[in-house]
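A.B. asks: Chain residues, written in single-letter form:
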Amino acid sequence: MLYPIVFIALVASPLALIARLPARSLIAWGLAFIPLTLFGLTLTQAGPVLAGEQVVEEISWVPALGLNLTFTLDGLSLLFALIITGIGTLIVGYAGHYLGADSGLGRFLAYLMLFMGAMLGVVLAGNVLTMFVFWELTSVTSYLLIGYKHDYPDARRGALHSLLVTGGGGLALLVGLLLLGQMVGSYEFRDILAAGDQLRAHSLYPAAVILILLGCFTKSAQIPFHFWLPGAMQAPTPASAFLHSATMVKAGVYLMARLSPALGGTALWDVTLAVVGGATMTFAAIVAMRQFDLKAMLAYTTISMLGALTMQIGLGGKYGAEGVATNILAHALYKSALFMLAGVIDHECGTRDLRRLGGLRRYMPQTMVITALALLSFGGIPIMFGFVAKELMLEAALETDLGATLSILAVAAIAVTAIAYLITGWRLFSNTFLGQRSTAAMQQHVDDPTPGMLIGPGVPAILSLFIPLVLLAPVSTLIAAASAAIYGKPLEVKLALWHGVNPALLVSLSAIVIGVAMFRFAEQLANMRGWPIWLRGDMIFDRLIERTLTGATALTRTLQEGRLRRYILITALTMLIFVGVPFISFGLGAIRFDLDPQLQFYEILAAALIPIGVIATIKARTRLGAIIAVGVVGAMVALLFVLFSAPDLALTQLLIEVLSTVFLLLVFSVLPVRFESFSSAWVRQRDAIVAIAMGILMGGLVLATATNDSFAPLAPFFLENSLDKGKGANVVNVILVDFRGFDTLGEITVLFIALLGIYGLLRLRQGKDDVTPERVPTTATEPLSEPVNTQR
Amino acid sequence: MTFHLFIPIVSPLIGAALAVLLHRQWVVVRALTLISVLINLGYGLWLMSVVPQSGPLVAQASGWLAPFGISLVADGMSALMVMLAALLMLTTVVYSFYSVDREREAHFYYPLLLLLLLGVSGAFLTGDLFNLYVWFEVLLVASFGLITLGGSREQLEGGLKYVVLNLLGSTAFLFGCGLMYGFAGTLNMAHIAERMATLADPGLQTVLAGVFLFAFGSKAAIVPLFFWLPSSYHTPPVAVTAIFSGLMTKVGVYSLYRVFGLLLQNELAIYAPWITLIAGLTMVIGVLGAVAQMNVRRILSFHIISQIGYSVMGLGLASAAGLAAGLVFTAHVMIVKMALFFIGGAAEQINGTGDLKKMGGLARREPLLALFWFLGILSLAGIPPLSGFIGKLILLQVGVSQQAYLITAVAAGTSILTFFSMLKIWNEVFWKKSYEDVNRLPRVRFGLLAPGAALVILSVALGLVAGPLVEYNTIAGQQLFDRAAYITAVCGADGCEAVYRAAVK
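Chains as they are written, first to last, in the numbering used here: chain A, 591 to 1382; chain B, 33 to 537.
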């Protein structure tokens, strides 16, 4: 049954496109049956899981790569799957109201469904690579959702930031997971979880942990990667509620929790998580307290809670595991409610700026009650589910094995966070519902939304109250199963509102007292000056992007600077290195200087005239002189062919020489008679050195291979069989037309192609492209024209 | 004897010749082109179905015994490349039907395409070093004809750089052929491989490896030999740029694989660290070049370089598994890169410019085009479950398992920059508001959308059903690295040396 759970949403996502039709809210509630069905399907699998077993299904995908579609349902997966499908149902229905006026709803819901399938894949995957596949899909769908209103630059920026940060982390994660697989010899979670001791002792362990944590921290918005999450608030509110609060951002937490039995228990893992998580929790809570935008406020509190979850995984122990599982559920409930409520307020009032809201208690009483419920849970006020969760967090901090210092620090951080949450909640509530309605900002009629829109936030908000009051027993079973997976061993969990008077309760209560006492200073705190804007993460990231762009442009401009002669120089130098270095290292020994005893003086003369001709060509002042000097070179080469009994080659060479001389003369007739030199003396000297080095290298290589007799050549075969089997006395001819006639076919074709090309070049002068070319180059790389070089 | 190996060479050759003769009837020319390409495609597919089981297939030109005559050899890698070349040419031809003007058609545009296919197919099939050079010449001259056809100033400037720098590479290749004959006394690849295998210590053959690394490296556009590519690739029609991106550099990669995998396998161990270094530099410098651009085709052109780095990385891993990984990646990138050129070209056509600053609004105007572009860039960036992910995953996996951590990290890190530069196009061309009223932009024509869309769908399919792709290339990598089997297939069980001794007293 796990396959349908993952793939139904993925496959059904195009179906959501029908929501572009009118009657959108109705269609959306209809579509909500898809996640509801998945919720039901997940519940049908819950029985054995709650009893401590696992449901496993497997088919192979790319067996050679260890990429199997294994799906496993255990307690932790079950908890997440229920949250994803449960809240997903509400979100889909809610979105129909929220985006009811937007014909893009179909596209939006299609992305949402895709995301849901991907997220289910992440939490149900029993193979790390399979999990990674879905992990990346969640990043991509999140990108599309954040950029939903892509006409706005801010939406594009937020989307880009989120994808670059989570995508970059994803790459680190991939390599980390590959290292895990390398160490364990399998990519299955069950094998990895069984190999904890082996992993912790392995030399690759630190690298793997760091890479995996990079992936998790970016995904779950831990400091210093947290900044993408507030930017992601550009997404329509239903997406923020679902992805950027309840589900996707918890994927990092999920993976850390999942792997902690195998990777945890070392200082590297535990302390890193505790410290980074604690810092994120406290920092984001304080920042959240000072926001004026409802969604920004909620975004920072989400970051804070993600930090809290990370911290608890690091703190470890029985309470850590329980705390993680409980807080995940509690947070998913109250925070999705709050996001949807923020959407309701935004939808009804046209703003979500706390400075422009106020006095809504008279106009939106239902909304106010639901908000109050959700905020009480958020603030950790007794009898709400949030309170139960917070107590466990404090227990985890008090009972940790990481030493007294970290324990005290963690308790203090939780207390500060709790106070900040209370103030945040109070500011949110009082600025929205209490006080006077700001007339200037809100001209329009304001009212509670249609009941359908309140179902979405209402259900989780009410559950935040009902779970501790009536549902504590079944939820305890679920939490027990989930925390057992995090703890690595079965756990006995009994959630309760009242544990008696213990240190956790005292800390909790004093935080509440202090927090409430500070309510009167709340607005002053918010209005205090913060740090300068350029220190903000997103600004730093923008600068990083900017620097990358300038750096890349500068580098490319230096390399691809447009002049052919420089390209040739670099190419020649490269060849000198690629060939010269191995030649000096390995080839020099092969050179032998045994002089031919029958060397004739005219042979020496012909050979000597070649370099002389070359030098004369370079030194020639007039074009005619250069042509003559080049002719000397060609003629001497031909002469050498004659001397070494290759009359065919000599004939060909002479023919080419004559033809090219004629052509050169034709071309030069339209050019000035004398050469002019444009390059400076040192440039010419540099080029000369490179050219000479090249000549020496080539000459040396030819000498080395020609004097080498490691292997007997094929030539005797051709000599023997030319007349016999090839029916020709001229061996060269027989080679050309018979032994290697296939080469000749190719060469003839080359001539034929050249003919076609030249014909086209001469006859077709359009001066235009199929796409209108730009007259002005917009980039740094290639100037349209380059300085003319006429010197030789 | 398996003379059918000549089919992919004969078919475009005859097709081109007839198309030149009948160039006044454009319908006939188009039909001939299609038929030739389809024959190659069908044959390539058939070859791919046979070769993994049968091992390398061999044919001897003019019936002269190997190693004396010229051999044609089709192993797994050759078959894959022959098929891909025909497939990519097919999409190019279709795209050309809808985008290339009659003027170009009348000036032998299609025959030149066929001759390019001829050169490429010949290069993939030949088992003879000098014959490989001949096919390189064929494809170089054909590509030069294509790049300058139209004769605009930009094209001629780009074409000049293209041809001069490519000739330097060709010269080195020819030089290498001569030296190889002087040293090894033979040109048949199997025979060379057999003789080179006997040399345990580094020597002249090591220097020759350097020559070939330079020659094919410049064809493949590795750092620092890539200058010809960004100078010229944006100047001809989109269809030409696209097929170049799919084929030209890949022939260089193929030759590097062949030379270092078969001919000079012993030298690969010596060169592997340097090849890996080059691979890393090529990845990074190529992608930074792409990031710096503000023009669709220039971004894509620089990306070709970066992706070549990944293909070269497969070689640098210096094992059958590494070569297999490189082949998977190369096959993927040939497909996706062309798709992106086609779709980017269609986007340019709609906006009337390739300048990112002036483009926009296409997500609203052409949702389908946007969809395929988005899938394409996801694939290029290696996002699952597309083919790019498989290609990246297998390379990283082999990298990790061979403890090549540095290049693995670079390969992984580069892909975020790849994604960034592609998202730049997405942001500017598709998401950004158009400066004009979107509804006044022309609609994309089916013929401009379909080729890119088909290739993207193929990439999606290769990702979803990656098992066969990986299995095929694993076999191809093993065949490529298995010198003995290759030599046996060409010269018989006793090897080429035995044939040689028997024939030459």
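Keep in mind the hints are simulated off the structure, nothing from the lab.
Beta carbons are placed, not taken as given, at the ideal position from N, Cα and C, and that holds for glycine.
Hints are not guaranteed to be accurate.
[What the hints assert, rightly or not] Here are some of the chain A residues that sit facing chain B, going by a computed Cβ distance under 7 Å:
(1) 726
(2) 1142
(3) 1145
(4) 1215
(5) 1234
(6) 1289
(7) 1290
[To be verified] Keeping only pairs whose Cα atoms sit at most 27 Å apart, straight-line, the calculated DSS-like set for lysine-lysine is:
(8) A:1317 with B:389
(9) A:739 with B:389
(10) B:537 with B:456
A.B. asks: With a cut-off of 7 Å on the beta carbons, see whether residue 1215 of chain A makes it to chain B.
C.D. replies: Given a least distance of 24 Å, the restraint on residue 1215 of chain A is violated.
A.B. asks: Decide if the proposed pair is consistent with the structure: residue 1317 of chain A and residue 389 of chain B, CA atoms, cutoff 27 Å inclusive.
C.D. replies: It is violated: about 68 Å lies between the C-alpha atoms, which goes past 27 Å.
A.B. asks: How about residue 1290 of chain A: closest beta carbon in chain B under 7 Å, or not?
C.D. replies: Since chain B brings no Cβ nearer than about 10 Å to residue 1290 of chain A, farther than 7 Å, the hint is violated.
A.B. asks: Just to be careful: measuring from the Cβ of residue 1145 of chain A to every Cβ in chain B, is the smallest value less than 7 Å?
C.D. replies: holds, 6 Å
A.B. asks: When the nearest CB of chain B is found for residue 1289 of chain A, is that gap smaller than 7 Å?
C.D. replies: violated, 11 Å
A.B. asks: Is residue 739 of chain A within 27 Å of residue 389 of chain B, Cα to Cα?
C.D. replies: holds, 20 Å
A.B. asks: Mind checking the CB of residue 726 of chain A against every CB in chain B and telling me if the closest is under 7 Å?
C.D. replies: Nearest chain B Cβ about 5 Å off; hint holds.
A.B. asks: Let's test the interface hint: is any C-beta of chain B closer than 7 Å to that of residue 1142 of chain A?
C.D. replies: holds, 4 Å
A.B. asks: Taking 27 Å as the top limit, are the C-alpha atoms of residue 537 of chain B and residue 456 of chain B close enough?
C.D. replies: With Cα atoms ~67 Å apart, residue 537 of chain B and residue 456 of chain B exceed 27 Å; violated.
A.B. asks: Should the interface hint for residue 1234 of chain A be scored as holding, given a Cβ-Cβ cut-off of 7 Å against chain B?
C.D. replies: Violated - the Cβ of residue 1234 of chain A stays beyond 7 Å from chain B, reaching only about 15 Å at its closest.
Hints 4, 5, 6, 7, 8, 10 from the earlier list are contradicted by this structure; the remaining hints agree with it.
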